[in-house]
Amino acid sequence: MIEVQNLRRCFGPVVAVDDISFTAGKGDVLGFLGPNGAGKSTAMKMLACFLSPDGGTASICGHDIITDPVGVRRCLGYLAENAPAYHEMTVAGFLGFVCDARQIKGAARKQVVERILSMCSIESVYHQTIETLSKGYRRRVGLAQALIHDPQVLILDEPTDGLDPNQKHEVRQLINRMAQEKCIIISTHILEEVEQVCNRTIIIARGKILVDSTPAKLSEEHGCSLNEVFRKITTTRKSA
Amino acid sequence: MQGFWAVLKRELKGYFATPVAYVFLVIFLFFAGYLPFRDGFFEIRQADLRLFFTNLPLLFVFMVPSAAMRLWAEERKSGSIELLLTLPITVPQAVLGKFFAAWAFLGIALLLTFPLPAVVVYLGDPDMGQIVTGYLGSFLMAGGFLAIGSFFSALTKNQVISFTLSVVACAVLVFAGNPTTLNYLAESISPSIVGVVETMSFQTHFESMMRGVVEFKDVAYFGILIAAWVYACTLILEERKAN
Numbered sequence: 001m002i003e004v005q006n007l008r009r010c011f012g013p014v015v016a017v018d019d020i021s022f023t024a025g026k027g028d029v030l031g032f033l034g035p036n037g038a039g040k041s042t043a044m045k046m047l048a049c050f051l052s053p054d055g056g057t058a059s060i061c062g063h064d065i066i067t068d069p070v071g072v073r074r075c076l077g078y079l080a081e082n083a084p085a086y087h088e089m090t091v092a093g094f095l096g097f098v099c100d101a102r103q104i105k106g107a108a109r110k111q112v113v114e115r116i117l118s119m120c121s122i123e124s125v126y127h128q129t130i131e132t133l134s135k136g137y138r139r140r141v142g143l144a145q146a147l148i149h150d151p152q153v154l155i156l157d158e159p160t161d162g163l164d165p166n167q168k169h170e171v172r173q174l175i176n177r178m179a180q181e182k183c184i185i186i187s188t189h190i191l192e193e194v195e196q197v198c199n200r201t202i203i204i205a206r207g208k209i210l211v212d213s214t215p216a217k218l219s220e221e222h223g224c225s226l227n228e229v230f231r232k233i234t235t236t237r238k239s240a
Numbered sequence: 001m002q003g004f005w006a007v008l009k010r011e012l013k014g015y016f017a018t019p020v021a022y023v024f025l026v027i028f029l030f031f032a033g034y035l036p037f038r039d040g041f042f043e044i045r046q047a048d049l050r051l052f053f054t055n056l057p058l059l060f061v062f063m064v065p066s067a068a069m070r071l072w073a074e075e076r077k078s079g080s081i082e083l084l085l086t087l088p089i090t091v092p093q094a095v096l097g098k099f100f101a102a103w104a105f106l107g108i109a110l111l112l113t114f115p116l117p118a119v120v121v122y123l124g125d126p127d128m129g130q131i132v133t134g135y136l137g138s139f140l141m142a143g144g145f146l147a148i149g150s151f152f153s154a155l156t157k158n159q160v161i162s163f164t165l166s167v168v169a170c171a172v173l174v175f176a177g178n179p180t181t182l183n184y185l186a187e188s189i190s191p192s193i194v195g196v197v198e199t200m201s202f203q204t205h206f207e208s209m210m211r212g213v214v215e216f217k218d219v220a221y222f223g224i225l226i227a228a229w230v231y232a233c234t235l236i237l238e239e240r241k242a243n
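Residue numbers (my numbering), protein chains in the order written: chain A, 1 to 240; chain B, 1 to 243.
Everything labelled a hint here was simulated from the structure, so no lab data went into it.
Model, not experiment: these values are computed from the prediction.
Relax, there's no trap hidden among the hints.
Selected chain A positions facing chain B (Cβ under 7 Å, derived; list incomplete):
| hint | residue |
| --- | --- |
| 1 | Ala-48 |
| 2 | Phe-50 |
| 3 | Arg-74 |
| 4 | Ala-80 |
| 5 | Asn-82 |
| 6 | Pro-84 |
| 7 | Glu-88 |
| 8 | Phe-97 |
| 9 | Asp-100 |
| 10 | Ala-101 |
| 11 | Gln-103 |
DMTMM-like cross-link-like pairs, simulated, lysine to aspartate or glutamate; straight-line CA separation at most 25 Å:
| hint | chain 1 | residue 1 | chain 2 | residue 2 |
| --- | --- | --- | --- | --- |
| 12 | A | Lys-135 | B | Glu-74 |
| 13 | B | Lys-77 | A | Glu-88 |
| 14 | B | Lys-77 | A | Asp-161 |
| 15 | A | Lys-217 | A | Glu-193 |
| 16 | B | Lys-217 | B | Asp-127 |
| 17 | A | Lys-208 | A | Asp-19 |
| 18 | A | Lys-208 | A | Asp-54 |
| 19 | A | Lys-232 | A | Glu-193 |
| 20 | B | Lys-77 | A | Glu-131 |
| 21 | B | Lys-9 | A | Glu-131 |
| 22 | B | Lys-157 | A | Glu-131 |
| 23 | B | Lys-9 | A | Asp-150 |
| 24 | B | Lys-13 | B | Glu-74 |
| 25 | B | Lys-13 | A | Glu-123 |
| 26 | B | Lys-13 | A | Glu-131 |
| 27 | A | Lys-135 | A | Glu-88 |
From the three backbone atoms N, C-alpha and C, an ideal C-beta is built for every residue, glycine too.
Work out the full structure, taking the sequences as your base and the hints as a guide.
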């Protein structure tokens, strides 16, 4: 479902993403791990067609990110870092706007909204303005916006950042429930999340993929916890 | 096309969901109503809206950039541009949706000046054709200023800088057609170039519409101006959306 080939992006002299390639299919929950500034968000933005790559290409569900960005965005649910939204809108108005943009109308819209409200547990704040919501609720609204059209592919940038332990648990449960039917990429700093949720791990540092494996294999190979594996790989290979 | 309508609907609703629209409308309507009377509406003893229309360019120079400055600067600053442009909407659809929503809002502001023509119709026997073309010219001029404002709004994340640059650009285009400016230029530049400068000014084209004449060249002027600045806005946004 996701095929990335030699994706590259520079910001001036800084190479943010340096020739990365990987694939992911249905049922994969791919964990993007890496230090800050590694290029995870930049890679995700390119896949969501928000940034255009300087080199290479990728395709999501058969749509190329360079030639068919609208097609990509149609079958993709994307949650950006900081869960952006229009703060002066109510949750209802905001989800209505997303449905408008995604051409979900009439009875289908009612159904879909009802489903998403219970899935993301935002029934209680449906009529509140997003400005007045706590961080946790804002992120859930962001998640709702990414899931509302039941996309085949999900790209979530730090989906549990800033949530309390209970909320983190709920989001991870949600991802686990959806994992079988979809292809999901999440980026995270929380290594226990990778162990709980992901069946594959990609470790990125300085724009390059250092490791493309599974959490279990990594722990086995290096004979230590994922935490230490991460530290080993990202610190010793810094000079590479 | 669906994306265009979704953005337009959201924007227009958004204006009226916050105090922004109401503050703007009150200030605009106050000055639009006050200035004709200050300039001698009753003393002239003529039932027309000439004084109302003559004051509009200068009023627009300040008011339209204040409506335009939040168009893109706010989206880029708050990060909601990342949400907007990862929906299945193209950049041109988003730019046009926002532009037309803002233009519709300015159209509503102009419509709300209806008490003035109503008063004039009651007091005398005005040339309705002149009033209609005057409003048409004002609407087109608002669109022109808005297009310039949306470009500068896309250029920077800071709304104040966007406002200032738009005001300067709009002011230059208005004052280029001022007789004083043209006379001053005529002293040092050849008359043909002064002629070109005159045709590039808002004032010139707006004035002929005010007099009741709708010529193709005037409508075309506004049309080309709007299309060019909106296109430039699209280009700038494509380049800078992620910064």
